[in-house]
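Protein chains in written order, with the numbering used here: chain Y, 164 to 443; chain C, 11 to 330.
If you're looking for bench data, these hints aren't it; they were derived computationally from the structure. Where hints are given, some of them may not hold.
[Unchecked claim] 30 Å max Cα-Cα, derived DSSO-like pairs, lysine-lysine:
1. C:265 <-> Y:412
2. C:265 <-> Y:417
3. C:201 <-> Y:350
4. Y:398 <-> C:201
5. C:265 <-> Y:197
6. Y:429 <-> Y:388
Since we're looking at a predicted model, the values are computed, not measured.
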Amino acid sequence: MSCDARPAIVGLVLLLGMMAAPLFAQTSDLTNNKIGFAYIAPKTEKYVPIMERLKKRRVLEQLSEFVSPLRLPHQFSLVTAECGEANAYYDRLQWSLTLCYELIEDIDRIAPEAGQTKDGFTRDEVVMGETIFVLLHELGHAAFDMLHVPVFGREEDAADQMAIFIPLQFNPRVARTVSRGDFFFFKNQGDPSQWSHFADEHGTSSQRLYNGICWTYGGNPQLIKDVIDAGWLPKERAATCAHEYQLIKTAFIKTVWPFIDEKLMKKVQTRDWLQAPSER
Amino acid sequence: MRRVTPALRYATKSAFAVALLCAIVSPAYAVTPAPSSPQVLVAYMPPRSDRLRPIADRVIKRRVLEEFKQFLAPLRLPRALTIQFTECGGVTGLNNQHGLATICYELVEQIERVAAGVDPGMRELVLTGTLIQDVFHEAAKAVFDILQVPVWGREEDAADRLAGFLMSEFGSDVAYQTMIGAALFFVTSGKTWTGSQFAAANSPEAQRYYNYLCMAYGSDPKTFEYLTKAADGAEPTLPQWRATQCSGEFEQVRKAFSLRIMPYVDPDFLVRVRATPWSLSTSVSVQKPATSVPQARVRPPEAKPHQLDNKETRDRAHEL
Chain Y
164 MSCDARPAIV GLVLLLGMMA APLFAQTSDL TNNKIGFAYI APKTEKYVPI MERLKKRRVL
224 EQLSEFVSPL RLPHQFSLVT AECGEANAYY DRLQWSLTLC YELIEDIDRI APEAGQTKDG
284 FTRDEVVMGE TIFVLLHELG HAAFDMLHVP VFGREEDAAD QMAIFIPLQF NPRVARTVSR
344 GDFFFFKNQG DPSQWSHFAD EHGTSSQRLY NGICWTYGGN PQLIKDVIDA GWLPKERAAT
404 CAHEYQLIKT AFIKTVWPFI DEKLMKKVQT RDWLQAPSER
Chain C
11 MRRVTPALRY ATKSAFAVAL LCAIVSPAYA VTPAPSSPQV LVAYMPPRSD RLRPIADRVI
71 KRRVLEEFKQ FLAPLRLPRA LTIQFTECGG VTGLNNQHGL ATICYELVEQ IERVAAGVDP
131 GMRELVLTGT LIQDVFHEAA KAVFDILQVP VWGREEDAAD RLAGFLMSEF GSDVAYQTMI
191 GAALFFVTSG KTWTGSQFAA ANSPEAQRYY NYLCMAYGSD PKTFEYLTKA ADGAEPTLPQ
251 WRATQCSGEF EQVRKAFSLR IMPYVDPDFL VRVRATPWSL STSVSVQKPA TSVPQARVRP
311 PEAKPHQLDN KETRDRAHEL
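Using the sequences and the accompanying hints, generate a full structural model.
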């Protein structure tokens, strides 16, 4: 989802931000004074542990540090909240990115049980990988809007391209976790069964799954070799993946890179982003 | 980029090679560039298969590329764009690099076959609209390449969206004939996609159908309002939940065009081209439906079976 006005939530974030500014200050050397964040307390009791877990893992602190090299034209808020649906969205009226507790609940449900693996996937990599994928996807929407990026294709696919491309610029462990987490997530979703469902501005789950594999493979053919070897990338599509990755790279360099502070970016690239201790 | 078939490769080394071929092949299949658009070259390559010869003859008679050249006349490209019809060995054996846009006679064959199956009153609309849409689609990809346009999103969808935007720039009649014609083609030829077919770099007909309807409606919500209306509480041709996104989608492409392609367009020339009264199909006049009457023919079959191997549809996570 790319644009969904939630004035009540966003108003609350802004209010909280004003009242408790020191709480939201970034403490590391990766700072950007245009970025603020808030964990909004859920109304429903069952989401409290999810909020606490996200807080403990410093998800929004880390996200704001990760985004800090971006020279933004105005404020940008990062929020976790109870939304009433399993979703994450960027609100272009409020310049805010929201991660819903319901979505984390969904990812938890789909992921393999703790201590077990399913088809070779661990719970940690699925929960972490898919959560990072979702955040980067929404960050893609945010960047397209805030930086006035020209988007000729479907924006939802473009946001997926961001979510796959960005981790590939970091250490391979990050990229592999995101790509595999995303693969597992979409593998467990359904595709449309009626013609009219194809009116959705998103690709189908299968399309998004194959896109993710293809773009990862295009950027680093060895990174998810296990998935490729298991036959998840048909030869005909595999032949175009290097070209597709190159198009994404060119688009990123031409439209987003000029907004990036290279010194800060180097610091971001050298940090190990998956260091946070497991909560499970 | 799609797969390059060996049949195509021999003729696609460069725009120059094609231009040269045009000059030496039978005059019936060669068209010299009009003085108005020296950077856009068009060519009808002679097909090798007997089966495709009558198809090539009909395409030449339609003067599709000659007409198309006029649309592209305001474009000032740093190097030549060549648009050719040729035999590819398959409907998708296309490669748009090196400033070459290719439309396969095999695809024309498919369009003719699909058009033959629709209501006779709509046949010309499907034929002309789909042909023009295909030429715009392939030319869009070649322009991306020539101008090194940053393409976010999948290239095939980006080409459809740019094609849709361009086809909306010449008045509602052209927009109707091209986009509704193409949409009719997609809904009539739409096959059931399952499993690994979704791995394709291009999108299912059903998505292309809705993308074109959305671009049409986004470009001109008055002319295409009928797409969003339905009698008796039935779902409209373009579902309301998508229709509300369409002006935003159109605007996004318009902005991208303004930033990345408009600098290569001669604005005075563009005004003259837009001021020209365009009529694509001279042989058959296409009646636009009255805006008050939902056009049943553009409606997809109800609950067309696109069933896949998974249980649930439109899962909540689909909203991500």
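Are residue 429 (chain Y) and residue 388 (chain Y) close enough, with their CA atoms no more than 30 Å apart? The given pair, whose Cα atoms are some 28 Å apart, holds under the 30 Å limit.
Is residue 265 (chain C) within 30 Å of residue 412 (chain Y), Cα to Cα? Distance ~21 Å between residue 265 (chain C) and residue 412 (chain Y) Cα, so the pair holds.
When you check the alpha-carbon spacing of residue 265 (chain C) and residue 197 (chain Y), does it fall within 30 Å? holds (26 Å)
Hint check: residue 201 (chain C) vs residue 350 (chain Y), CA-CA at most 30 Å. Holds or violated? holds (23 Å)
What's the verdict on residue 265 (chain C) and residue 417 (chain Y), does the C-alpha distance respect the 30 Å limit or exceed it? holds (16 Å)
Going straight from one Cα to the other, do residue 398 (chain Y) and residue 201 (chain C) come out at no more than 30 Å? holds (21 Å)
Checked against the numbered hints above, the structure violates none of them.
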